[in-house]
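Going down the list, the protein sequences come from chains U and V. For what it's worth, the numbering used here labels the leading residue of the first sequence as 1, then goes sequentially. For what it's worth, the numbering used here labels the leading residue of the second sequence as 1, then goes sequentially.
Everything labelled a hint here was simulated from the structure, so no lab data went into it. Please note that the accuracy of each hint is not assured.
Stated by the list, open to error - Mimicking EDC-like on lysine to aspartate or glutamate, the simulated pairs with C-alpha atoms at most 20 Å apart in a straight line are: (1) U:5 - V:38; (2) V:67 - V:18; (3) U:71 - U:42; (4) V:19 - V:38; (5) V:40 - U:31; (6) V:40 - U:24; (7) V:41 - U:15; (8) V:41 - U:31; (9) U:56 - U:15; (10) V:9 - U:42; (11) V:9 - V:85; (12) V:22 - U:55.
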Amino acid sequence: DQQVKQNSPSLSVQEGRISILNCDYTNSMFDYFLWYKKYPAEGPTFLISISSIKDKNEDGRFTVFLNKSAKHLSLHIVPSQPGDSAVYFCAASARGEGSQGNLIFGKGTKLSVKP
Amino acid sequence: DTAVSQTPKYLVTQMGNDKSIKCEQNLGHDTMYWYKQDSKKFLKIMFSYNNKELIINETVPNRFSPKSPDKAHLNLHINSLELGDSAVYFCASSRGERAQYFGPGTRLTVL
């Protein structure tokens, strides 16, 4: 019973173009969402987050969009660079008493950016 | 200047053994976590701990136990290792319920 779903296991994009990674969630109690990037044999690296009170957050080339009514978020990378090639994980948490912010992860999308 | 470190990076052991994985963070965070990444690549929370509370994922066998000697360390002890315990284990830390920062992972192989 996956509460966070990344339905595309892989995505291939040309260098310089936009990469759009998608994530859907089912738990309406989630109020904090994050994207992580992971290279092989390394731990996930925090990229960007968004609170449910916002619908957009931007940090350099990375922008996360949140559509609460659709329970959907996306990560846009513009322009894409070969160094962005990695597995991207979407994660969500329901902050508040008893949760301690435990993250629920999607299965990841492998992004390949071709020169 | 590693923020979250884990040792060892690789651990190969026999079934039935008891082993520990160490985790240290130098970020001044107050909450630490252990995650398991299984063969299907899902990252699942095992424990979260701050100086007030330990929250255990109910699916984690009681052979697994976290031990925190101080706020900067959260070690994972595993008793009577089984084949199904083979996975990559990640430690993480955060300040309260903000973004978590992960260690490099420990690949455990049980033979």
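Status of the hints after comparison with the structure:
This hinted pair checks out: residue 5 of chain U and residue 38 of chain V have alpha carbons roughly 16 Å apart, not beyond 20 Å. Straight-line distance between C-alpha atoms of residue 67 of chain V and residue 18 of chain V comes to about 14 Å, which keeps the hinted pair within the 20 Å bound. Restraint check: the Cα-Cα separation between residue 71 of chain U and residue 42 of chain U comes to about 29 Å, which exceeds 20 Å; the hinted pair is violated. Taking the CA atoms of residue 19 of chain V and residue 38 of chain V, the gap is about 18 Å. The hint holds against a cut of 20 Å.
A distance of roughly 26 Å separates the Cα atoms of residue 40 of chain V and residue 31 of chain U; the hinted pair therefore is violated under the 20 Å criterion. Restraint check for residue 40 of chain V and residue 24 of chain U: the C-alpha separation of about 19 Å stays at or below 20 Å, so the hint holds. Taking the CA atoms of residue 41 of chain V and residue 15 of chain U, the gap is about 27 Å. The hint is violated against a cut of 20 Å. Distance restraint check for residue 41 of chain V and residue 31 of chain U: the Cα-Cα separation of roughly 24 Å exceeds the 20 Å cut-off, and the hinted pair is therefore not satisfied.
The suggested pairing of residue 56 of chain U with residue 15 of chain U is violated, with an alpha-carbon distance near 24 Å, which exceeds 20 Å. The suggested pairing of residue 9 of chain V with residue 42 of chain U holds, with an alpha-carbon distance near 10 Å, which does not exceed 20 Å. Between the alpha carbons of residue 9 of chain V and residue 85 of chain V the distance comes to roughly 16 Å, so the proposed pair stays at or under 20 Å and holds. Taking the CA atoms of residue 22 of chain V and residue 55 of chain U, the gap is about 38 Å. The hint is violated against a cut of 20 Å.
Checked against the numbered hints above, the structure violates hints 3, 5, 7, 8, 9 and 12; every other hint is satisfied.
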